[in-house]
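Each number in the working numbering corresponds to the 1-based position in the sequence shown with 258 added.
A couple of the hints might just be wrong.
In the EDC-like style, the derived pairs of lysine to aspartate or glutamate whose C-alpha atoms are separated by at most 20 Å in a straight line are [as the list claims (entries may be wrong)]:
| no. | residue 1 | residue 2 |
| --- | --- | --- |
| 1 | Lys293 | Glu263 |
| 2 | Lys293 | Glu330 |
| 3 | Lys293 | Asp349 |
Estimated spans, in silico, between C-beta atoms of each pair [what the hints assert, rightly or not]:
| no. | residue 1 | residue 2 | range |
| --- | --- | --- | --- |
| 4 | Ile319 | Leu288 | 27 to 35 Å |
| 5 | Leu288 | Glu340 | 34 to 42 Å |
| 6 | Asp343 | Glu270 | 20 to 28 Å |
| 7 | Pro297 | Asn320 | 35 to 43 Å |
| 8 | Pro322 | Gly346 | 34 to 42 Å |
| 9 | Glu350 | Glu308 | 30 to 38 Å |
| 10 | Gly346 | Arg277 | 17 to 25 Å |
| 11 | Glu360 | Leu318 | 27 to 35 Å |
| 12 | Glu337 | Ala367 | 17 to 25 Å |
Just so you know, these hints were derived from the structure itself, not from any lab. Glycine included, C-beta positions come from ideal geometry on N, C-alpha and C.
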Amino acid sequence: MAFSEEMNRCVETCLSCYRTCLGTAMNHCLVTGGKHVEPAHFRLMMACAEMCRTAAHFMLINTPHHKHTCRECAEICGECAEDCDRVGGMDECVAMCRACAESCRKMAA
259 MAFSEEMNRC
269 VETCLSCYRT
279 CLGTAMNHCL
289 VTGGKHVEPA
299 HFRLMMACAE
309 MCRTAAHFML
319 INTPHHKHTC
329 RECAEICGEC
339 AEDCDRVGGM
349 DECVAMCRAC
359 AESCRKMAA
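Whenever a hint applies, use it, and build me the whole structure from the sequences.
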């Protein structure tokens with residue numbers, strides 16, 4: 259399996275999404291409170307951050323199993339984007355999750 263330019267871009271997108279989700283959760287949601295820290299929403303953000311990190315890791319170690327992690331990452335990022343949009347005030351997180359979902363969908367194909 260070759261380490262393509264597309265895969266390299268997906269790794270970078272996943273790592274950016276990891277930073278954005280974790281940073282937003284810890285520095286925006288925790289501070290803002292209310293619906294931003296509802297357990298289901300906060301858990302989804304944590305799951306998204308961790309899945310992005312895992313997908314990037316699997317691509318970096320160049321295992322064919324990255325297709326599974328990328329597929330799951332796309333699904334979770336899509337859910338996270340929708341939920342962050344619902345809660346509101348997290349446009350950067352929504353945009354990053356949507357971009358990551360799209361990139362991971364391509365890598366999973």
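So, going through the hints one by one against the coordinates:
Taking the CA atoms of lysine 293 and glutamate 263, the gap is near 39 Å; set against the 20 Å cutoff, the hint is violated. Taking the CA atoms of lysine 293 and glutamate 330, the gap is near 25 Å; set against the 20 Å cutoff, the hint is violated. Proximity of lysine 293 to aspartate 349 is assessed by CA-CA distance (about 16 Å); at most 20 Å being required, the pair is judged to hold. Between isoleucine 319 and leucine 288, the C-beta spacing of about 32 Å keeps the proposed range 27 to 35 Å intact.
The given range of 34 to 42 Å is broken by leucine 288 and glutamate 340, whose C-beta atoms sit roughly 21 Å from each other. In this structure the supplied range 20 to 28 Å holds for aspartate 343 paired with glutamate 270, their Cβ-Cβ distance being about 23 Å. In this structure, proline 297 and asparagine 320 meet the distance hint of 35 to 43 Å, their C-beta atoms being roughly 36 Å apart. The supplied range of 34 to 42 Å is met by proline 322 and glycine 346, whose beta-carbon atoms lie about 39 Å from each other.
Between glutamate 350 and glutamate 308 the C-beta distance comes to about 19 Å, which lies outside the given range of 30 to 38 Å. A beta carbon spacing of about 21 Å between glycine 346 and arginine 277 agrees with the range 17 to 25 Å that was offered as a hint. Separation of glutamate 360 from leucine 318 is about 20 Å and departs from the stated range, judged on CB atoms against 27 to 35 Å. Checked against the hint of 17 to 25 Å, the C-beta distance between glutamate 337 and alanine 367 comes to roughly 20 Å, which is consistent with it.
Consistency with the previously given hints fails for numbers 1, 2, 5, 9, 11, ordered from lowest to highest.
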